[in-house]
Amino acid sequence: MRIDLNVDVKHLTRVEGHGNIYVRIRDGVVEEARWEVVETPRFFEVMLKGKHYTSAGILTARICGICSIGHALASIRTTEAAFGVVVPERARRIRLLAKHGETLQSHSLHLLFLATPDFLGLPSAIPLMTIAPDVFALAGRLKGLANRMSDLFAGRTTHPTSLLVGGVGRMPPLKEMQQIRDELHKSLDDLRVATEIVQKFKIPDFTRETEFVSLKGERDYPWIGGNLLSTDGVDKPEREYLAMTNEYVIDHSTSKWAKLSRESFAVGALARFNNNHRFLHPEAWDVAHAVGLRPVSHNPFHHNLAQLVEMVHVTHESIRLIDELIDLGPGTLAVPVEPRAGEGMGAVEVPRGILYHHYVFDDDGRVEKANCVIPTTQNNANISHDIEELARTYANTSTTNEELSLIAEMLVRAYDPCISCSVH
Amino acid sequence: MRYLGIEPVKPRVGIFDFSGCEGCQLQLLNKEESLGAFLSALEIVHFREGSSEASDDYDIAFIDGCVTREDEVVRLKKIRSIAKLVVAMGSCASFGGVLRHRNYIDLDAANREVYGDKPKETGKTRAIHEVVKVDVTIPGCPVSKTQVERIVQHLVLGVPFHDVVYPVCVECKQKFNTCMFEKGTLCLGPITRGGCGAPCPTGGLGCWGCRGATVDPNLKEFKDLALKRGFSEAEIDERLAFFGGFEGITCASI
Amino acid sequence: MSVRIHSYDVNREFTMGHPVDYTRRSDLQNVDHVFKAEITNTVNLTEHEKLFHIRILDPTERDRFHFHPGQFVMVVLPGYGEVPISISSSNSQRGHIELCIRKAGLVTDVLHRAAPGSHIGLRGPFGTSFPVERMRGKDVLLIAGGLGIAPLRAPIFYITERLGDYGKVSILYGARTPKDLLFDYQYEAWRRIYNVHLDIIVQEPDETWTGKVGMITALLEGMEIDPDNTFAIVCGPPVMFKFVCARLQEMGIAMQNMFVSLERRMHCGMGKCCRCNVGSTYTCLDGPVFDYWSVINQKEAI
Amino acid sequence: MLYKTITKSDFEHLIDFILEQNEIIAPRKVGEKPDGTPIHQFLPIEAFSEMDLDYSKTEYSAKTYFLPFRENLSTWSFGDGGWKQDIQYRQKPRAIIGLHACDIHALLKLDKVMLKGPFPSPYYKARRENTVIIGMDHEPCGSGFCASLGTDILTHGFDLFLTDIGDRYFVAVDSDRGFRILSQVPLAEVTDEDRRRYVRARAAISEKQTIKVHTRNLPTLLDLTFNSAVWEKWGSKCLSCGACAMVCPTCYCYGVKERVCMDLASASKVKQLHSCNLVDFAEVAGGHNFRPTREHRLKYRYYHQHRGFAEAYDEPMCVGCNRCGDTCLAGINPPDVIADLEQENP
Ligand SMILES: Cc1cc2nc3c(=O)[nH]c(=O)nc-3n(C[C@H](O)[C@H](O)[C@H](O)COP(=O)(O)OP(=O)(O)OC[C@H]3O[C@@H](n4cnc5c(N)ncnc54)[C@H](O)[C@@H]3O)c2cc1C
Ligand code: SF4
Ligand code: SF4
Ligand code: SF4
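Residue numbers (numbering that gives the first Met the number 0), protein chains in the order written: chain A, 0 to 423; chain B, 0 to 253; chain C, 0 to 301; chain D, 0 to 345.
No lab work stands behind these hints: they were computed from the structure.
Wrong hints could be hidden among the right ones.
To be verified - Taking lysine-lysine and the BS3-like style, the derived pairs with C-alpha atoms no more than 25 Å apart in a straight line are:
hint: 1; chain 1: B; residue 1: Lys77; chain 2: A; residue 2: Lys48
hint: 2; chain 1: D; residue 1: Lys236; chain 2: B; residue 2: Lys227
hint: 3; chain 1: B; residue 1: Lys227; chain 2: D; residue 2: Lys232
Take these sequences, add in the hints, and give me the full structure.
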C-alpha cells in the first residue's frame, strides 16, 4: 500500500505562542518532519541592556505570561548572585511558595484545561463545562487555589509584585496563609480525583531514547539553584550552564535549538521526575505508580503524568513550608542591596524545565550584558526529533492525515511548550 | 438582569494574540469562581491558546500583544475587517507595553547579536491603535480579569463602559499601604490610571505605570516630588517609559 | 473571667414594621430600601426625551408615597445604577408619578430601552420643593428653558388644579428648536381649559415655525407684572436662569421670591455622599429648590 | 461621668478578658520608615503584646472601621423577570483600644452626619453601636494641631478613656457598658494623689502642644479668599490622588457603583469612599465638571471642612490630626495652607 501523509498545522492551538508542525510522508517514507517556531523575536536580552537591576526582574517577567514568577525569581537570583546578596530565611520560603504556586497553576492549566480535552476527544475545555461539568469544576478549583496561592506569596498570579532583589516585599497575612494551607490540604482530595481521570487517559505507546536534564536534587526535589544533571551522566555546577545548553540558530525557527550529549535533550516535569524521583513525597510516588509512570520514562506523553505527580508533591511541600513560615513569625523580609559590578547567573526549575538567566552588571547596577535560556528553547530540538520519530512510527500504519495530525499535536502539547517564551 | 425586557446578547468573540507574553489571554482563564459564567456569557469562536476550534465569524475581537511584524499587520487588518468591535487588551495592545523598549534599540544589531548570520524578520513595535481603529482599551500588564469581566458585562448588556479616572493611589490607600515614597521606593501611582487594585505598591514594587496616564495627571508636581526625594531624572524617565503608557513624556518634556 | 460585649440590634429602633416613610427619621431599616414600581406606560416626547408613567406596586407604600412639587426621586435600576429625576406630574395622583427623562448616560440610556411593564425601583421623594402654598393669592410666573419644563410641570399641575387660589398665572417656555419642545400636546389644555398665559419661544426656528424666535428673556420684555405680588419659578440650565433671574430682579421681583432648581451629581440623595455639595449646602437636602438669594450667595452655584 | 483607677497589669488582664470573646482593634506597629520612625496602624490584634499603646499617631485613621473603604449597601438578586433587594448591616461586637482624643472627636463629627441628620445610616449605626471605644491620652503627635480646634480634650464619645498617671491608669467611664467591662478587674476610687497626678499629666500634654493654627476666622476667611491666588499656589501642587481623604478621620464623601456578578443573576450596590480632590467628583452627565481644575477641588476640600461643615453643624469637620498633611506627597498641609490664607487677608 502506498501511503502519503501530510500534516501542516499552522499555529498550533492550546499552547502558549505560535508554532507549526510540518510532516511529509511519501510512499511510507518520511521526507520531512519538523517542528517550527514562528513566534516574533522580542529581543529581551537586548532590551535588558542598560536597565537598572531593580527593573530587570520586572522586565523579564514579561517574557512569559505563564512562568512570570519563575522568570522574576531567576532574574532576582542572578542579580543577587552578582551582588553577593544573601536573602533572609522568610524570604526564601516565601519565594519557594510563590514558585510552587506557579507550578500548581501552570500544571493544572496545562494538564486539565489544555491537555485533557485531547484525551476526551474535545476541541477545548469549554465543552467540558457541559459534557463533564465535574471535571471542569475540579480543574477550576485546583487552578483557582494555585492562583490565590500565587497572589498571596508573589503579589499577583501573573507578573509578580512582591518578589524583590534582596528579599520579598511583604509578609502574607497570617489568616490568609492558614486559609491557603487548609485549602491545600483539602485539594489533595481533588488531586486524587484528578489521578483517577488521568488514569483513564489512553497514553500513546511511543518512546524515543532521550537525554533528560534538570537541576540535581541534593536532599529535596530541586526547584531553585544547585547543580545540573543529565540522565546521560553529565553533572555540572549551575554556572556552567552554557556547556549544558549549547544553543544554536537554525533556519526555520525563530527560537534557538539546544543540545548536550546527543543531538537534543529534554527538560521539564518528566526530566525532573526521571532525575529526582527519589526525593518525591511518598504520596506523589504513589500517584506515579497509580498512573503507570516509572523512572526513567522515555515516553514524551508522560510529561502529562509527571505534571500530576509534581502537583501532589508540591502541594505537600507547600503545606510544610507554610507551617514553617507561620512558626517563624514576622521578621526581616529583605536585606539592603548594594549594587556593584559583577556577573551572576541563576537557574530555576520553572514548570517547563530549567530556566537560566545570566547578567553582567556595571558599577551602578545596570545590566551590561544578558542571556536567558528558556526551557522550551532547550526542548524545541527534542520536540522536532520526536515528531520525526513519530512520523516514522506511523508512516506505515493505516493512519489518516487527521489522526497523525492529532497525535503530533498531542505530542507537542505534552511538552507544554511556552513558545513565545522560547523566542524572547 | 432581564427585568427590563432587555435580553443580554451572547456575542461571538475571537481572542487573538500578537507579540507579547500572552499573559493577558491567560487571565481570561483565571478567577475560577466565575469562569463558567464568563465563558457562558460569550460564544468564543476563536481562541488559539484555549481551544482548537477556529472560526472567522465573530462580532468582537479581543486582541493581546502588539504588532512587530508585517504578517501581523495583515492578520490584524483582517480581524478589524470582520469584527464589529475591537478590544485592545493589555498594555502591549494598548501602548506597546514593555516591547516599546525595542523601539529604542538598534533592531538590526539586536538581530545579529541574537541570531548571528541568520537574522529573523522583525520590525518596530506598534500598539494596536497605531495599525487599526480600536473601540475599547483595557490597559494593564496583565489586565485584571475583574475588569475584563466588567467590560464583557457591558458588552453583553449593551451599555457603555467607563474606565476609572482616579489614580492608583486611591486603591493603594484603600489597601492600608504605607506609601512607597515613605519607604524610599519610586512609584508612579499618583499619575497612573487606577482600576488595577494597586497590586504593585501592595507587593512592595511600587507602581510602574502599566495602565498608562490617568486623566489629567499632575506631571509637573510628580516630577518635582520625585526629584526632591532623591530619584534621578534618568530613573524617572526609565520608569515612565517602562510600559509605554507615558509615551513621549520625560522629565525634560514635563 | 471574660467580657462579652452585648450586640446591639439596629433593627430594634423600629418595631412597628410600617412601610417606609422618609419623613420619619428613626426609620433606619428602610433608608436604603427601594419601592418596587412598574413602568405602566411611556410616551416618546422627542428623540432624546421620554415620559415614563410609573406606579408604585405595593398598595401601602403607594398610599404613603407623597411628594411636593419640585422634589425628586432616585430612580433605581438594580444592576445598572440610580439617577436623580424630578417628579414631573401632579401630586394629587397618589402613588402614580410621571418622570420626563433625557437620554444622557448609562442609566438613562438603559431606562429608555426598558419595556413597559418592567419593574424598576424608586427611593424618595427627596429634597426641597417650590413653596406653592406660600404663593396662594399671588401672581405666579413659571419659566422653563429646555428640559427645565420637567421639574416645572409638577408646580404647573398644582397651581392649575387650584386656579381660583392664585392670581395671574403665566407659563413662559423656551427651547432651542421647535423639535425640542416638550409636552406640546398639553399647550391647548393649559391655554383653553386653565386659561393661563402661555408664551413659547425658540432659538433656532425651522421652516414650519410661526411663533416667536429668540432667547427666553425676550418673553419678559413688555410684560406687565406686579413685582410685589409675584412669585417666579425658573427651571433650566444655569446660564438660562441666571439671565432670567437677573431680568426679573430688574423688573422688581425680590430675590427671595424667585425659585430655581439646581442639578448636581448625586449618589445618595440623603446628604452623605457629598457629591452634590454646592458651597456649604447639599443640593439633595437643602435643594434642589433654592430661592435665588441663596443661589447667588453660594459659591460655585452658577 | 465616673472616674476610677486601675493598675496597668489589670488593664492587660482586661484586654485578655475582652479578647476571649470579642475582636479587638488596636494600634500596631507595622514597620519603620527609613529614618527609623515607627509606622502604626489600627489593626485587629490577637494578644495584648501585639498592640503598641505608646504610639503617637497611626498613619491611617480608624475611620475605616466605621466607614469602610468599600461596603455593600444592597444586594439584588434577579430572577423570574424581576428582582429582589436584600440589605445587611450586621456587626459583631468589638472594641477599639487606644484611640486618642482627636480620633474620638472625629467619630463624634461623623455621628452628626451619619446619625443625626434626616436619614441616619443603619450601616454606620450598627458599627458604631457595636464598638466599644476605649480611648487613651497621649502626648501630641508632632505635626497635629488639635489644640487649635479644641479636639485635644474630650468630654464624651467613649466608653472608657485612660490617662497614664504613672503606675496606674486614671479611667473616665462614660457608659454603663464601659463600667460593666471595667468591673471585671479590681477598681480603685480616685485619691487626691491620683487627681493631682492626672491634672499634672494633662497639663504636661497641653504644654507640649506647640503648633498653633488660627482657625477661628476660617469660615469668613474662606469666603473672602475664594478667588485668592493662594488656591492656585497650592492647587497647582495637588496630585488629585485622594490620599488625604483616604487617611482623614472625618472625610466621608463617597460614590456608588453597581457590581454585577458574571452570571448576571445578582448584583450589589457598592459604596466606595471617594475624594473631592478626584477629577470626576463633581462631573455630571454630558461631561460638565463643576470643579474642573485642581484648584477648584482642593479649595473645595478646605471649604467643606472649615466652612460648609461649620455652617451645617456649628463646628469644623477637621480635627487637626494632620494625617492629610503627613500623607500628601506634594506637601499640602492645613497649617501651611491656612497660614497662607491669613497672609492674604491679614
Ligand atoms: C435634582 C435633580 C433632578 C433631575 N431631574 C431630571 C429630570 O427630571 N429629567 C432628566 O432627564 N434628568 C434629570 N436630572 C439629571 C439626571 O439625573 C442625569 O441626567 C442622570 O443622572 C444621568 O445619569 P446616567 O447614568 O444616565 O449618566 P452617566 O453619565 O452614565 O452617569 C453615571 C452616574 O453619575 C451620576 N450623575 C451623572 N450626571 C448627573 C447629574 N447631572 N446629576 C446627578 N447625578 C449625575 C449618577 O449617579 C449616575 O448614576 C436631574 C438631576 C438632579 C440632580
Ligand atoms: S505607594 Fe504609590 S500608589 Fe500608593 S499612595 Fe504612594 S504614591 Fe500612591
Ligand atoms: S500598580 Fe501600577 S504597575 Fe501595578 S498593575 Fe497597577 S497600574 Fe500597573
Ligand atoms: S488634619 Fe487633615 S486628615 Fe486630619 S482631620 Fe483635618 S483634614 Fe482630616
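These are the hints, each one checked on the structure:
| no. | hint | verdict |
| --- | --- | --- |
| 1 | Lys77(B) to Lys48(A) | 36 Å, violated |
| 2 | Lys236(D) to Lys227(B) | 14 Å, holds |
| 3 | Lys227(B) to Lys232(D) | 18 Å, holds |
Going down the numbered hints, you'll see the structure goes against just number 1.
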